[in-house]
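Novice: Below are the chains, spelled out letter by letter.
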Amino acid sequence: MAYSDKLLDHYENPRNVGAMDKDDNNVGTGLVGAPACGDVMKLQIMVSEDGIIEDAKFKTFGCGSAIASSSLVTEWVKGKTVDEAAMIKNTEIAQELALPPVKIHCSVLAEDAIKAAVSDYKAKKAEKTEAAE
Amino acid sequence: MTEQGRWNKDSPLYLDYQATTPTDPRVVEKMLPYFSVKFGNPHSRSHHYGWEAEEAVEEARAQIAALIGATPKEIIFTSGATESNNLALKGVGRFYKDKKNHIITCVTEHKCVLDTCRHLEQEGFDITYLPVQENGLIDLAVLKAAITDKTVIVSIMAVNNEIGVIQPIAEIGAMCREKGIFFHTDGAQAVGKIPIDVDAMNIDLMSISGHKMYGPMGIGVLYVRRRPRVRLVAMINGGGQERGMRSGTLPTPLCVGLGEAAAIAAKEMGAEAERLKMLRDRFYAGINERLSETYLNGDLEHRIPGNLNISFAYVEGEGLMMGINELAVSSGSACTSASLEPSYVLRALGVEEELAHTSLRIGLGRFTTEEEVDYAVDKIAREVTRLRLMSPLWEMAQEGIDIKSIEWAEH
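Chains as they are written, first to last, in our numbering: chain A, 1 to 133; chain B, 1001 to 1411.
So here's chain B without its partners, still in its complex pose (with noise of 0.2 Å):
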């Protein structure tokens, strides 16, 4: 890509969008100033340098609010949604602990979810993980069951990283309000890409992620809502800053960065979901003109526009990528790490092992193209067809066996 995240065919073409975005470069131009000429301490109180910073910061602030439907106070800045998940889920929970000690979660949330709540299970914690049913959504007759008087925190995330989906939100927020609990989301894939708004979703935090929305990467948010007032335990300590909830100067060109590309978002969102749905729609057309026996993992409907996680039944997915490495795409196939297991995300979903290994998250963005898109096409429907031709697998279906009738040697 070019410096305006323009394809120029020198580079991989990229459709990578949910791992990170590229900073949008108004974003770039508001940021500069903060990293030279106006490099004050947001913190300093007693000259011009710091007010400058600070006022830069609060607008910053502002902006992000408005996004979500939030006042200011109740935006607190962070190292990003990893770090906000942190916070919520054990600043949270360690402050109401000695009352309730129950946290329901999902299983296919981010993993540093996941590994939070592992962690607070060794504080003393109980923690209940939903399943998925087979379109990625989790059942909220099943959520309701799983809620005790010991429930302190219910965390969904709003939009899943690997397949697009969208929970049901409103109705979880709802339904937390309603028996007095905290509701925590992960919106790091769904602020900016879909309308969130936390009062109307009774959200009462809410994790946000700087480089998923064309800002910065190294800045997120928590929200934490004021009225009915969370409290939470600091996890890290100092000067106090983000009201007691998290110390540590802050970075104003991330904080600005961010704040534009909340702005950004807040003006362009309606227009840019709809492009995109348009371009995803192409590519999932595209796909099934050209290949047989491809799976789309994950809901269509309750699915962010940018999204598409397709099987491609018969070739491996790391194979697969290897063969179009002019796309730059990623795999539910983990053949590269230690283990030989697939996406856990998919697996969650029912989808068998050997389909996961197929799988490919294609993320269409705010600088995909449509010619973008008919060159991918392109190049995945031929290395599938090629890759197929080479396949025992494929082979087999065609001779009608079954692949499930062979007793295979697991290794």
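The shape of chain A in the complex, shown without the other chains (with noise of 0.2 Å):
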């Protein structure tokens, strides 16, 4: 199977690896996939007080092109609003990288990880709200 270039760089050169602290209410966690299907992605956001992605942060367990889409969305999410990181289809990610058909489950799983790290963070937002209230 031919990976494209920019999949391959993803995978070689993976952009922000590494973990931010779940319990920081401006982080959101988002932790999809499972073990025995052979992919998990977890996938971290910093928002500022605006509600603007500051920083991301992912780690996957997966083949390359998991490991390059959840790089790939951790770009693109920087600088989006919550509700813009939200709206990343996978067919985006699926095309950028231009994954074969068997990988699109891939994208897919990128995709949920942005919507699941949304959730959490608007999840611990309501709570926090409620709790000033």
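Everything labelled a hint here was simulated from the structure, so no lab data went into it.
Be aware that one or more of the hints could be misleading.
As the list claims (entries may be wrong) - Okay, derived cross-link-like pairs now, BS3-like style, lysine-lysine, Cα gap no bigger than 27 Å in a straight line:
#, chain 1, residue 1, chain 2, residue 2
1, B, K1277, B, K1009
2, B, K1179, B, K1097
3, B, K1379, A, K6
4, B, K1404, A, K115
5, A, K22, B, K1404
6, A, K57, B, K1404
7, B, K1404, A, K124
8, A, K6, B, K1009
9, A, K128, A, K80
Only a predicted model underlies this, so the values are computations on that prediction, with no experimental measurement involved.
Can you join these two chains into the complex? Each is in its own frame, and there are hints to help.
Specialist: Here it is in structure tokens:
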């Protein structure tokens, strides 16, 4: 199987590998996939007071396409609002990395990871607002 | 690899000897005249060209027979081990079907045995698929208990293609002989690697593959015992070649190649096994020195010298293979196929799915060198370390979180 140069670049030089404090109120964490299926992605976003994603980190257990997909979306979400980030579609990821058909599920997982991180962040926010009231 | 099977660093280092072996240059050399000047049809009885080819085929037959302690007449040439396995099971099964219709095999057999059995089930056969123990070996007591008075044949592979474990062939043979049941073994990964004697082991039928033992692709053998006689229904009908069991003109160059490969194996098997065991142990020790949390799949003691199957916990096998693309190995993770199911062989051993996804099969062989082993170990150790630092599962393990305690959304 021939992979695109972009995909190989993200696999060999993954961007934003790392972890943030998941208990920090400004951090949203998404953990998706399952070890038994051979793919697990953890995506974290750091959100500023005005709702802009300032930083993103990931760790992924999976094939090269899964690693590249998660690396790519950490770049994409930075600078976006949480709502904008949640709009990223798996087809855009698949297209950017030229994923072969059997690897489309990797891009789906990356989309799910963003959504999960955003909803985790929003849930924390809601809790905080409730607690403040 | 270059012509001699040596690695020159311009192409990936070949460590997949259970998938196929390069044809030994001595074998190629011996085959060449039979493509050109000695091109006769071995079944032509009326002229020199035919006689010359026939003589070569018969010499090859004798060479193969000598390697496994058989007589030349018991060697039936086929296109490969897949055809041999089909012929053994369908041939014997259909011949004796009126009296007996029960077949015993094992869950870790090669797909060509399992798929053949599925087809025979549709023809009305009862098939028992024996489980294996954690080390990949069948339990003889379980086999014994599975035998009924309807059992016609037991088919258990000599050596597994994924994990390299050697089944207790002699014990199975003795049990079958005592009960008057035919014993077939898929010897594709065993013949030429470990000593096999069809008489001492009471083997009635055995499949052999040319390209797994440094012979050419496209040729194999089914050994069919003459005393006590094993009868079977042919699958391919025609001119009645190969004692009527497999019609079709024999491919002289391929037969000659397999014969020569057998002769070389007979001569060199002992020393080669010793050398491969040394390399295999060096490989495994090197990995364990550099990495924690690696697991060997399959028994180490009852195993051919040229195989390792290792799970590198927390690193997905296919992702790992992309990072070590200078090495030609295979993975127990089947992520490239449409299904996300990992290796059925590893699953049969009771290896957890998440660990099965992290496994690599490393096959060493005749042309593997110490330098190559050291290079591969270093490459794998570096890449596993890199990917673990990127793995959320490794992170959880370091934090003491049991990944089984998490409710994963299976997808």
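Novice: Does each hint hold? Answer for all of them.
Specialist: We went through each hint and held it up to the structure:
1. Restraint check for B:K1277 and B:K1009: satisfied, since their Cα atoms lie roughly 24 Å apart, inside the 27 Å limit.
2. With a CA separation close to 18 Å, the supplied pair B:K1179 and B:K1097 stays within the 27 Å bound.
3. The hinted pair formed by B:K1379 and A:K6 meets the criterion: a straight-line CA distance of about 23 Å does not exceed 27 Å.
4. The suggested pairing of B:K1404 with A:K115 holds, with an alpha-carbon distance near 24 Å, which does not exceed 27 Å.
5. A C-alpha spacing of about 20 Å is found between A:K22 and B:K1404, which places the hinted pair at or below 27 Å, so the restraint holds.
6. Proposed proximity of A:K57 and B:K1404 is supported: the alpha carbons are some 24 Å apart, at most 27 Å.
7. For the given pair, B:K1404 sits about 25 Å from A:K124 by alpha-carbon distance, which is consistent with the 27 Å threshold.
8. Taken as a hint, the A:K6 and B:K1009 pair is honoured in the structure, with Cα atoms around 25 Å apart against an allowance of 27 Å.
9. Straight-line distance between C-alpha atoms of A:K128 and A:K80 comes to about 22 Å, which keeps the hinted pair within the 27 Å bound.
Hint compliance for this structure: no hint is broken.
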